[in-house]
Amino acid sequence: MSDKSNWKIWEVFVRSKNGLSHKHAGSLHAPDAEMALKNARDVYTRRSEGVSIWVVESEAITASSPDEKEPLFAPSDDKVYRHPTFYEIPDEVGHM
Amino acid sequence: MGESHSLEERFQAYVDAENKIEPKDWMPERYRKTLIRQISQHAHSEVVGMLPESNWITRAPSLRSKLILLAKVQDEAGHGLYLYSAAETLGADRKDMIDDLHTGKAKYSSIFNYPTISWADMGAIGWLVDGAAIANQVMLCRTSYGPYSRAMVRICKEESFHQRQGYEIMMRLAKGTPEQIAMAQDALNRWWWPSIMMFGPRDEDSPNSAQSMKWKIKRKSNDELRQEFIDKTVPQAEFLGLTIPDPDLKWNEETGHYDFGEINWDEFYQVIKGNGPCNKQRLDDRRNAHEAGEWVREAANAYAEKEAQRRKEGNAA
Ligand SMILES: [Fe+2]
Ligand SMILES: [Fe+2]
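Chains A and B, in that order, are what the protein sequence lines are.
Using UniProt numbering, read the first sequence as starting at 1 and increasing by one per residue.
Using UniProt numbering, read the second sequence as starting at 1 and increasing by one per residue.
Just so you know, these hints were derived from the structure itself, not from any lab.
Since the model is a prediction, treat every value here as computed from it, not as a measurement.
Capping the alpha-carbon separation at 27 Å, the derived lysine-lysine pairs in BS3-like fashion look like this:
#, chain 1, residue 1, chain 2, residue 2
1, A, Lys8, B, Lys24
2, B, Lys157, A, Lys23
3, A, Lys23, B, Lys20
Using the sequences and the accompanying hints, generate a full structural model.
What follows is the structure, encoded as structure tokens:
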């Protein structure tokens, strides 16, 4: 059991304060979720950087692949009318 | 052939436009290899870098200085972990990297092969060694590989306390008794040259630098970083009333920089080769620490298995 390779990689997400979303901080190794949380506290929040931590097994994350970037993100590129700057509102109307 | 050529060209154009490369993006194999080597060496340096300072944790002159030193050394452990994580995003295996360190296959910064013989060395290390590391790391915050860059931003935030606590130790000693002043001067004498060697060989003797600069892994050359560091540090030494051990060091009105004497490159290469004063001791200590921690890893595994078993049984019941 001296082989550490059975320690899974966990991704760590930290909420820096209430009102903000959890944000990816990095990753670490741990044998289970409980210890991953404890390690995350030591590694990623030594200066009260967080009020809440999530740990997720890296393997459990399904990621979009960069090769699909175009089909995945392209549809919004040609829909400029989704952005407020598409519309011209006269100055007299005031801020809108 | 034509295909890979155009991929490399697109990659270069993407980097030239100041875009960051993320783990799943296509990258040239040599870019990946260069980064794995550089990031893992950097991680090893953080980890081995704990050893010279841990020598003084039990001998710190006050509780205050002991707490500070402990916090600094713990930070360095964290820095090592951020960097191993960054290397793993490139497909490197943590265990392989650590094995390479322990077998002597991988390098770490040579500065940590010098001994820490007095308390003043804690001051000189924080001030000069962390100072030189910061110069390099501030540059690396803008490196082209996203996870490396993010690790550097996090590290730089923590580093400035390291340099300031070192300078504080130097200030205290430099204002102290004649013996304390002599201690501070002695530490500066011993750490000055190894510190400015930390930036690596001269640009003309650093053949891989050009490619790293082109890929924007590095953003400044070794000589540029070294000059910046010296220009910044000389006034800090003057403020302490200490003398930098270089008779050729003088302000050059024309260039707006300090000129400095010839670095002993023979010493530099000897220490890299393993012939520094503490190379063997550092590697032995590192291997021993790893072996002595074996039972902790085993216990953690046993605990995790038991907990998993318990949950399974709980679910079945
Ligand atoms: Fe560090
Ligand atoms: Fe540091």
